[in-house]
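> When you get a sec, could you build the whole thing from the sequences and use the hints?
Heads up: the sequence shown runs through residues 662 to 855, numbered per our numbering.
Be a bit skeptical, because a hint or two may be false.
As a list, the in silico DSS-like pairs of lysine-lysine whose alpha-carbon atoms are at most 30 Å apart [stated by the list, open to error]:
hint : residue 1 : residue 2
1    : Lys721    : Lys834
2    : Lys705    : Lys742
3    : Lys834    : Lys705
4    : Lys792    : Lys764
5    : Lys814    : Lys721
6    : Lys792    : Lys834
7    : Lys831    : Lys705
8    : Lys721    : Lys829
9    : Lys764    : Lys828
10   : Lys814    : Lys705
11   : Lys705    : Lys721
12   : Lys829    : Lys792
13   : Lys829    : Lys705
14   : Lys792    : Lys742
15   : Lys742    : Lys829
16   : Lys814    : Lys742
17   : Lys792    : Lys705
18   : Lys792    : Lys831
19   : Lys828    : Lys742
20   : Lys814    : Lys764
21   : Lys792    : Lys814
22   : Lys828    : Lys705
23   : Lys721    : Lys742
24   : Lys828    : Lys792
25   : Lys764    : Lys705
No lab work stands behind these hints, which were simulated from the structure alone. As the structure is a computational prediction, the values presented were derived from the model and not from experiment.
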Amino acid sequence: MRVCGILFIVFTLISCNKATPVSTKVAPKNSVVAVDLVLNSGDKVVANTDEGIIEIVAGKGLSRTYTWDGASRSVDLWARKEPWMGALGGYYPGPGEHWREHKGITRCVTRESVMRFETAEAFYEWINGLKWARCVYTNDGLVVGWMRNYPRKQLSVELYQVLINGKKPKELKNSQDSRISFFPKRELGPVPKP
Numbered sequence: 662m663r664v665c666g667i668l669f670i671v672f673t674l675i676s677c678n679k680a681t682p683v684s685t686k687v688a689p690k691n692s693v694v695a696v697d698l699v700l701n702s703g704d705k706v707v708a709n710t711d712e713g714i715i716e717i718v719a720g721k722g723l724s725r726t727y728t729w730d731g732a733s734r735s736v737d738l739w740a741r742k743e744p745w746m747g748a749l750g751g752y753y754p755g756p757g758e759h760w761r762e763h764k765g766i767t768r769c770v771t772r773e774s775v776m777r778f779e780t781a782e783a784f785y786e787w788i789n790g791l792k793w794a795r796c797v798y799t800n801d802g803l804v805v806g807w808m809r810n811y812p813r814k815q816l817s818v819e820l821y822q823v824l825i826n827g828k829k830p831k832e833l834k835n836s837q838d839s840r841i842s843f844f845p846k847r848e849l850g851p852v853p854k855p
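Right, dumping it as structure tokens:
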């Protein structure tokens, strides 16, 4: 009986070591691999928060253009290699003064990702921690927040898609659907005649 038990343990350990990994491909060194982003190329979000109106447009890859107070400026997000607050996605830490000045703003600090919560209550606790960003959100979990930080000459932008229990929510208390507009990627086709 003892030999049978030992053989069972050995067989189990050998079988576990033969599990096939999900992917064996290795990304090329300079390739962009980003998951958990909210926007696809060509998507646009316009939000009217207590800070004012901001427009966020996704360019190719990780390029994002932010428009506020009549000016547009762009950054290329950095893909997260390690989860931050449980999510990958993209961010830009705003090194130096990388933008031409507009009304005192010369740099951008931004985050964009899909945020996963087990319950709506966990989401409400998290969103309360972002009060500084003056966030608004929709019933289906699209969150936009931004602010101007003049002492730092900084535009701070937060863009998230919230999932609760693995799915977009259907209803969130205090949501303000009318304050966020999402424009999906336009399909290219023939140019309409005037």
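> It remains to establish, for every hint, whether it holds in the given structure.
Outcome of the hint check:
no.: 1; hint: Lys721 - Lys834; in the structure: 34 Å, violated
no.: 2; hint: Lys705 - Lys742; in the structure: 25 Å, holds
no.: 3; hint: Lys834 - Lys705; in the structure: 24 Å, holds
no.: 4; hint: Lys792 - Lys764; in the structure: 23 Å, holds
no.: 5; hint: Lys814 - Lys721; in the structure: 27 Å, holds
no.: 6; hint: Lys792 - Lys834; in the structure: 16 Å, holds
no.: 7; hint: Lys831 - Lys705; in the structure: 21 Å, holds
no.: 8; hint: Lys721 - Lys829; in the structure: 25 Å, holds
no.: 9; hint: Lys764 - Lys828; in the structure: 40 Å, violated
no.: 10; hint: Lys814 - Lys705; in the structure: 25 Å, holds
no.: 11; hint: Lys705 - Lys721; in the structure: 13 Å, holds
no.: 12; hint: Lys829 - Lys792; in the structure: 22 Å, holds
no.: 13; hint: Lys829 - Lys705; in the structure: 19 Å, holds
no.: 14; hint: Lys792 - Lys742; in the structure: 27 Å, holds
no.: 15; hint: Lys742 - Lys829; in the structure: 24 Å, holds
no.: 16; hint: Lys814 - Lys742; in the structure: 28 Å, holds
no.: 17; hint: Lys792 - Lys705; in the structure: 23 Å, holds
no.: 18; hint: Lys792 - Lys831; in the structure: 23 Å, holds
no.: 19; hint: Lys828 - Lys742; in the structure: 24 Å, holds
no.: 20; hint: Lys814 - Lys764; in the structure: 9 Å, holds
no.: 21; hint: Lys792 - Lys814; in the structure: 20 Å, holds
no.: 22; hint: Lys828 - Lys705; in the structure: 22 Å, holds
no.: 23; hint: Lys721 - Lys742; in the structure: 20 Å, holds
no.: 24; hint: Lys828 - Lys792; in the structure: 24 Å, holds
no.: 25; hint: Lys764 - Lys705; in the structure: 23 Å, holds
The structure does not agree with the numbered hints 1, 9 stated previously, though it agrees with the rest.
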